[in-house]
Each structure stands twice: as C-alpha cells, then as structure tokens.
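*Asks:* Sequence:
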Amino acid sequence: MRKIAVFPSLVTVANLVCGFCAVAALVDPDKHFAVFGSRELAAAWFIMLGMVFDVFDGKLARLAKATSDFGGQLDSLSDCVTFGLAPGMLIVSISTLKYKEMVWLLAALYAVCAALRLARFNVEHSSVAHQKDYFKGLPSPAAAGLVASMVIFDLYPLNGTPLRALHTNVILPFVGLAAGLLMVSNVRYPHLMKWIFKGKKRFTDFVRFVVLCVCIVALPQFAFVVLFSAYVVSGVVLTTRAMMTARTRRQRHAYSSPDYEPASHPSEKIV
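Those letters in the sequence shown? Residues 1 to 271, by the numbering used here.
In short, the hints are calculated from the structure, not lab data. In this text, all values refer to a predicted model and were calculated from it rather than measured experimentally. C-beta atoms are modelled at their ideal positions from N, C-alpha and C, and glycine is treated no differently. Treat the hints with caution; some may be incorrect.
Unchecked claim - With a Cα cut of at most 27 Å, we get these calculated BS3-like pairs of lysine-lysine: (1) K3 - K59; (2) K136 - K65; (3) K31 - K98; (4) K3 - K65; (5) K136 - K59; (6) K100 - K31.
Claimed, not checked - The following label-pair restraints were derived from C-beta to C-beta distances: (7) A119 - P157: 35 to 41 Å; (8) E101 - K59: 37 to 43 Å; (9) V35 - H191: 31 to 37 Å; (10) A242 - D205: 18 to 24 Å; (11) L63 - P29: 39 to 45 Å; (12) P220 - A64: 27 to 33 Å; (13) V226 - T248: 30 to 36 Å; (14) L192 - G37: 36 to 42 Å; (15) R249 - F203: 33 to 39 Å.
Based on the provided sequences and hints, a complete structural model is requested.
*Replies:* Next comes the structure, spelled out in structure tokens:
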C-alpha cells in the first residue's frame with residue numbers, strides 16, 4: 001500500500017471517534033455524558049463536531065497534495081458511522097412514539113440511505129457530475145446536521161429548561177425518513193464548502209459570512225436548525241425551478257419550430 005498522509009487521516013479518524021462517542025452517549029446507562037444535559041443532546045453535539053472534522057480532512061489532504069484512495073475510503077467509512085448510524089440511533093433514542101417497530105424501521109431506513117448515498121458518491125466521484133459545484137442528492141452530513149440541529153433546538157437548556165418547541169420526540173422519525181429519501185434522490189444541492197473556499201469573494205459576501213458566524217456562536221441552538229432546514233429546502237426549490245425552466249424552454253422551442261401545428265379545438269368541425 002502507498003504511504004498515507006498522517007495528519008489528514010487523523011482528522012478523518014477524529015470524525016469517526018465523534019460518531020462512536022455519539023452512539024456511546026446514547027447507550028450509556030451510567031450517565032457519563034450528564035454534563036451535556038441529556039444523552040440525546042450529547043449525541044447531537046458529537047455529530048455536529050464530527051461535521052467540523054469532515055469539512056477539513058479533505059481540504060487538508062488537498063493542501064498537502066496527499067489525496068489517496070485510502071483517505072477517501074476512510075472518510076466514507078467514518079461518515080457512515082457519524083452521519084448514518086449515529087443519527088439513526090438518535091432517532092430511536094429520542095422518539096416516544098407508541099409504535100416502536102415503525103420508529104426502528106424509519107431509523108434503519110435513514111441509516112441505509114446514508115450508506116447508499118456514500119456508496120453512490122464513491123462510484124461517481126470521478127465523473128463529470130461531481131466536478132461541478134453541486135451534489136446529486138442531499139449530502140449525508142447535511143442530513144445528519146438536520147436531525148442533530150433539531151434535537152439541539154429542542155433540548156438546549158433555555159433558562160434552565162429545554163424548549164421542546166419542535167416536538168422532536170414525535171416528528172424526528174419522519175424528518176429522518178424525508179432526509180433519507182433526499183439523500184438517494186437526484187435533487188441537486190449546492191457545494192457550499194467549495195463556494196466558501198474557492199477563490200475571492202465580494203465584500204458583501206464576506207460581511208454575510210461574518211454575520212452568520214456571529215449568529216452561530218451567539219445562538220447556536222437557533223442558528224443551526226435554521227441553516228440546515230434552509231439548505232435542505234433549497235435543493236428541492238432549486239431543482240424544481242430548474243425543471244420548470246427546462247420545460248418552458250422545450251415548449252418555446254417546440255412552438256417556434258416551423259413544423260409546429262397547433263392542435264384543433266374539439267368544437268371545430270371538419271367540413
């Protein structure tokens with residue numbers, strides 16, 4: 001096997017460790033993670049921390065000019081744990097629905113969709129589609145971020161008491177189902193990290209980014225759920241708009257064609 005880049009691989013392993021800690025927090029009977037307030041809140045924060053490591057491992061490998069198939073495979077395996085297994089376990093742990101079998105099924109479907117999404121990305125990674133500024137299907141970190149941010153919003157202690165405004169104990173299995181289906185769909189999602197790190201930006205873009213960072217630091221429980229929800233919806237909106245635009249262009253092209261003949265009205269009689 002070829003030599004591997006040590007530091008980027010360690011960052012990827014840190015992502016994997018975050019996924020393990022998230023699962024460990026959910027199954028821990030001795031409340032070792034009581035400092036977070038609850039097991040579910042601890043798991044959600046570990047998933048979010050794993051996302052930070054996932055953002056930078058590939059960037060570090062490219063900066064060091066040390067990208068490799070080993071690093072790519074390790075990254076996918078880590079993502080499968082942190083953004084597939086851990087959110088699925090979180091859905092099962094927080095849900096209070098009466099039909100536990102249905103909750104297990106929906107959580108397992110989420111985890112399976114995350115694995116399929118990562119496998120498809122690995123297969124198509126060298127294709128032209130993945131060299132562009134969008135993803136095919138909701139990225140697994142964004143799907144996991146949606147699940148985790150909703151839990152953080154609901155369980156984050158506000159004046160000492162969890163808000164519980166989203167009722168994640170009821171809706172989270174269905175949110176996980178929707179996120180899982182979006183992961184394996186053909187809906188296009190913008191590659192935000194590529195946009196942030198690529199080239200120079202306008203001053204107004206820089207100001208927006210600073211304001212966004214301040215909001216995340218000051219009000220993380222609100223900022224995260226708004227950002228991830230907006231990103232998930234944006235892919236559906238942009239894809240729908242693109243489909244409608246393409247349909248309109250095809251119709252205009254058909255109407256402007258010299259061979260086009262308008263259909264006769266049913267009331268018209270043939271003489």
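*Asks:* Hints first: check each against the structure and report whether it holds.
*Replies:* Each hint, compared with the structure:
Pair hint K3 plus K59 holds up; C-alpha atoms about 18 Å apart against a cutoff of 27 Å. Between K136 and K65 the CA atoms are separated by roughly 26 Å; this keeps the pair inside 27 Å, and the hint holds. Our distance criterion of 27 Å between C-alpha atoms is met by K31 and K98, whose separation comes to about 25 Å. Taking the CA atoms of K3 and K65, the gap is about 12 Å. The hint holds against a cut of 27 Å.
Simply put, K136 and K59 have alpha-carbon atoms about 20 Å apart, close enough for the 27 Å limit, and the pair holds. Only pairs whose Cα atoms come within 27 Å are accepted, and K100 paired with K31 is accepted, the gap being roughly 23 Å. Taking 35 to 41 Å as the suggested C-beta distance range, the pair A119 and P157 conforms, at roughly 39 Å. One distance hint, 37 to 43 Å for the beta-carbon pair E101 and K59, holds here, with the actual separation near 42 Å.
In this structure, V35 and H191 meet the distance hint of 31 to 37 Å, their C-beta atoms being roughly 35 Å apart. One distance hint, 18 to 24 Å for the beta-carbon pair A242 and D205, holds here, with the actual separation near 23 Å. One distance hint, 39 to 45 Å for the beta-carbon pair L63 and P29, holds here, with the actual separation near 43 Å. Remark: the range hint 27 to 33 Å for P220 to A64 is upheld by a beta-carbon distance near 31 Å.
Between V226 and T248 the beta carbons are some 32 Å apart, a value that agrees with the proposed interval 30 to 36 Å. Remark: the range hint 36 to 42 Å for L192 to G37 is contradicted by a beta-carbon distance near 29 Å. In this structure, R249 and F203 meet the distance hint of 33 to 39 Å, their C-beta atoms being roughly 35 Å apart.
Hint violations for this structure: number 14 only, all remaining hints satisfied.
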